[in-house]
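Novice: The primary structure of each chain is shown beneath.
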Amino acid sequence: MTQAPDIGGMIMHHTSDAHEIAFELPWGGEWVLHLPRFASVHVGGVAIDLSPTKHVVFMLLASFLVWLTLWTAGRAIRKSHAEGRPPRGFGGMIEAMVLFVRNDVAIANVGHGGAQFAPYIVTLFFFILYCNLLGLVPWGATATGNLAVTGALALTAFLTIEISGMRALGPAGYLKTIVFAPPGTTGVTKLLLTAIMIPVELIGKLVKPFALCLRLFANMTAGHFVILSLLGLIFLFGTGPALVKGGVAAGAVVFVLFMMALELLVAVLQAYIFSLLTSVFIGLMQHEH
Amino acid sequence: MMQEGANAAQAALNNNALLGAGIGMGLAIIGAGLGIGRIGGQAVEAIARQPEASADIRGAMILTAALIEGATLAALVFALLFKLIQ
Chain G
99 MTQAPDIGGM IMHHTSDAHE IAFELPWGGE WVLHLPRFAS VHVGGVAIDL SPTKHVVFML
159 LASFLVWLTL WTAGRAIRKS HAEGRPPRGF GGMIEAMVLF VRNDVAIANV GHGGAQFAPY
219 IVTLFFFILY CNLLGLVPWG ATATGNLAVT GALALTAFLT IEISGMRALG PAGYLKTIVF
279 APPGTTGVTK LLLTAIMIPV ELIGKLVKPF ALCLRLFANM TAGHFVILSL LGLIFLFGTG
339 PALVKGGVAA GAVVFVLFMM ALELLVAVLQ AYIFSLLTSV FIGLMQHEH
Chain W
421 MMQEGANAAQ AALNNNALLG AGIGMGLAII GAGLGIGRIG GQAVEAIARQ PEASADIRGA
481 MILTAALIEG ATLAALVFAL LFKLIQ
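Those protein sequences? They're chains G and W, same order as listed. Adding 98 to a residue's 1-based position in the first sequence gives its number in this note's numbering. Adding 420 to a residue's 1-based position in the second sequence gives its number in this note's numbering.
Worth flagging that the hints you see were computed from the coordinates, not collected in a lab. Source: prediction; values computed, not measured. Heads up, a few of these hints could be off.
Simulated restraints, written as ranges between beta carbons of each label pair [stated by the list, open to error]: (1) G/Gly282 with W/Leu447: 32 to 40 Å; (2) W/Glu465 with G/Val130: 48 to 56 Å; (3) G/Glu122 with W/Glu465: 42 to 50 Å; (4) G/Ala340 with W/Ala480: 47 to 55 Å; (5) G/Trp165 with W/Ala480: 40 to 48 Å.
Derived SDA-like pairs: lysine to any residue, alpha-carbon spacing no greater than 20 Å straight-line [to be verified]: (6) G/Lys306 with W/Ile488; (7) G/Lys303 with W/Lys503; (8) W/Lys503 with G/Leu245; (9) G/Lys303 with W/Leu487; (10) G/Lys306 with W/Lys503; (11) G/Lys303 with W/Ile488; (12) G/Lys306 with W/Leu483; (13) W/Lys503 with W/Val464; (14) W/Lys503 with G/Ile109; (15) G/Lys274 with G/Val305; (16) G/Lys306 with W/Ala494; (17) G/Lys152 with G/Glu122; (18) W/Lys503 with G/Asp104; (19) G/Lys306 with W/Gly440; (20) W/Lys503 with G/Tyr272; (21) W/Lys503 with G/Phe323.
All C-beta atoms in this analysis are idealised placements derived from N, C-alpha and C, irrespective of residue type, glycine included.
Kindly generate the complete structure, drawing on both the sequences and the hints.
Specialist: Listed below in structure tokens is the structure:
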């Protein structure tokens, strides 16, 4: 009786964060890169571990790739502008993507005054896109499949939404988004309804970034879970007769290929949806009257 | 003897937690399927009726589907927690 393969452990090993990066070699075995460990920083009695992990490395790689992509594209576009011809090739492709995110996502949804948020939205889009795509290359890891990463991204969105709302509406106008008296009510009803609406409005402010954070995390993690579970089927059936083994393996590989193609779509779609919803929320806050 | 009983009780509890997580995931998916299916159906109907507005309709469709998906995935993540916490 051979030991049953630990599919759950394998899945968690591939999706969770770690202090080392394992490069599985195609001829068996693996080469493990151990990341340095720093002593914890103590802030007011709370120990904070600042040593880099697998997801931190891939996040830095994603930021570097974002910078490299946009910098080279910017250079190519500037050069073609100087020569008086439209950009082509790589520069043209990136220009089309940036213009799409800027005009059809940021400005179209924030509305009046949306251009000032375009740099933030474009950065969000490209950073999330690269984080998602890095999880699909061999030996890669999805930094956006980590709740801390998506939580931090959602925190930046939350701060942008609230602070830009404060600036656009002024202190009194901003207070109105929390203490809101429903129109058409008077006296005790008005007081009571306002008191009920205060916690509702506050929860509403917090739920938006919370949903952004969970949506990105769950989408990226769920895709990897499905792919790894399908691959795990091969090992679950590894003790059966050759025909069953081969059939399951062939079926699993076809399904994994399909899921990988779907993941490519989801990687772009989730970057789009995160930036789209962030701009919609910014716009909602800006035009709250 | 006592230890064995406690272990059995713990195992039963874990199994019940997993059963609950499974049923919860199924229910969440039923809701999301109904919601997103309705969005998709209505969007296709709207595009068929007014093909020139298809870009706007598609945008609204993706936005609404993403909002439903967010609530569903929150349920799925909490279901996953049952497996991870036990």
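Novice: To test your reading of the hints: which numbers does this structure violate?
Specialist: 5, 7, 10, 13, 19, 20
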